[in-house]
Amino acid sequence: MKKKLPPVQIIPLGDAAVIVQFGEIISPAIHAWVKAFAEKIAQHPFSGFVEMVPAYTTVTIHYNAWVVSQEGKYNPYDEVVGFIQHQLANLTPGHKNKPRPVEIPVCYGGDFGPDLDFVADHNHLTPAEVIALHAGGHYLVYMIGFAPGFPYLGGMSNKIATPRKKTPRTTIPAGSVGIAGTQTGIYPLSTPGGWQLIGRTPLALFNPDREPASLLQAGDLIKFVPITVARYAEIKQRENEY
Amino acid sequence: MSIKILSPGLLTTIQDTGRIGHRKEGIILSGAMDSLALRLANLLVGNPEQAAALEITLTGPKILFQENCLLALTGANLNPKINGCPVKMWRPVMVRAGSILAFGKPVLGSRTYLAVAGSFHIPKILGSYATYLKAGIGGFNGRALQTGDSIPGNWPAPAVAPIWRSLEKKPAPNGFAEVNWRLGSSFYPTLVPNPVIRALKGPEYEWFAPDSQKAFWELPFSLTNQSDRMGYRLKGPALNLLKEKELLSSAVTFGTVQVPAQGQPIVLMADHQTTGGYPRLAQVITADFSLLAQVQPGAKIQYKEINLPEAQGLLLAQEKRMNHLKNILSLKFKT
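Chains S and L supply the protein sequences, listed in that same order. Its first residue numbered 1, the first sequence is counted upward by one per residue in the UniProt record's numbering. Its first residue numbered 1, the second sequence is counted upward by one per residue in the UniProt record's numbering.
Each hint should be verified, as a subset may be incorrect.
To be verified - To spell it out: a stretch of chain L is covered by chain S in this simulated footprint if at least three of its residues, at any positions, have a beta carbon under 8 Å from a beta carbon of chain S; those stretches are:
(1) 20 to 32
(2) 55 to 69
(3) 131 to 140
(4) 269 to 282
Quick caveat, the hints were computed from the structure, so don't treat them as lab data. Ideal Cβ placement from N, Cα and C applies to all residues, glycine included.
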């Protein structure tokens, strides 16, 4: 069955970027179009293409107007829109290219997840049930933003949804896995924050010496795998040697 | 060539034209706030325009030149002096070993760029030399410069050898010698304390109440002290949405004017996050980024609406001048 492209809006974001919008709600179906389009652009970049940022329902393309215009000969925006329309024609959603599965090992509870008990109490569950629900889901990476390598994830069970802490912590260690409302996420860098922390991953979500520097990319499908403190230490050691 | 930081000033960082190509990984652009001034400084000393240079903010550093050095200062006039004598901006200057560059009270603008011939010998991180303060990468050890830092330089481009030699021969009673020409004023906007900044309507412009739209274009907004390389927080008339509406996070860029619920706009600058969830009321045009980057805290900004073809016309004209300049300078360096 061939899926039909939803109405696409092309909106300028200033004089050097354009937003290609595939819808207005968070859904895996819309994101499949975002991913398919982003992949097509990556395979066929135009002269003057700078970079793109996929998000929930949009792909924003940054371009060099001078290069696109062929040093002032053509209208850069019209050229870019023409190119986008060309790539949108015959676009098929990414069902062919299955999302890349990524396993994120997480040591839940204890010092790594100081709010696990709070999340359990809040939802009238045991800590073990919270872990089972959190590690039982598959999470789609809708976009990377906010901080280097920070994934915006969809797919968390509402049964473990918990409001943010009233007073944010001044530092959250890198790798912390948290819950904020109906969202779950992983902190790539040590930063202040108000998320309820339930565990920590030994993996480096952001490593500037690695290419790509971000472990996760928009469109990945991730799964959390519970690990012991000993296993955490082992993986952490390996990551540092990398 | 190497330079030594005797005092760092308010915020002195190594920047270039930005860490391009990694925004989809959440890695911010960084780079110079006033990219045009950085590019011009580099061209004046024979560097590629995107090379690393120092961005100096309001209160300047004190810098010791440990060897002879060809440098250029562009952007804000922060009252630069070498060995206590005023030094001219917007031109190549030969500084003798042992000289000290310092700055006085800011005259006009916020950010001066200091390029040295050959640029600095520092590692490229993810394709860029720009300092990304929050992630602690790029530039000099991923941080702002501090007292005692010694930054090594590279060999200057062969193209500047003639001008280097001729300036070395010139008498330098105060430890430095300047060329007798300067960059033409057409290559850089004329800075004023309270600039008019041209902008386009943003993607969510129609979400705003008509009186808020009108106020945005007609009334001045002042730059608050809570402004930094990430964004400018402005103070002015409250800007309100027609009705409350949630925006899904999507890309933002340099110059995006976004409005949080409290109604006071934020203009995103070089260290802006890659995505944002506030309605985007307007977008400052690229040709006016220099004026925007050089606004001093407390100054007033007046926005002026233009359309996309006009904005791109101005941008293309600027790039055309840059190309022209490269030709002019290649001739100038030969003499």
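Against the structure, the hints:
1. 20 to 32: Check passed, 9 qualifying residues.
2. 55 to 69: violated (count 0)
3. 131 to 140: holds (count 3)
4. 269 to 282: With 4 residues close enough to chain S, the hint holds.
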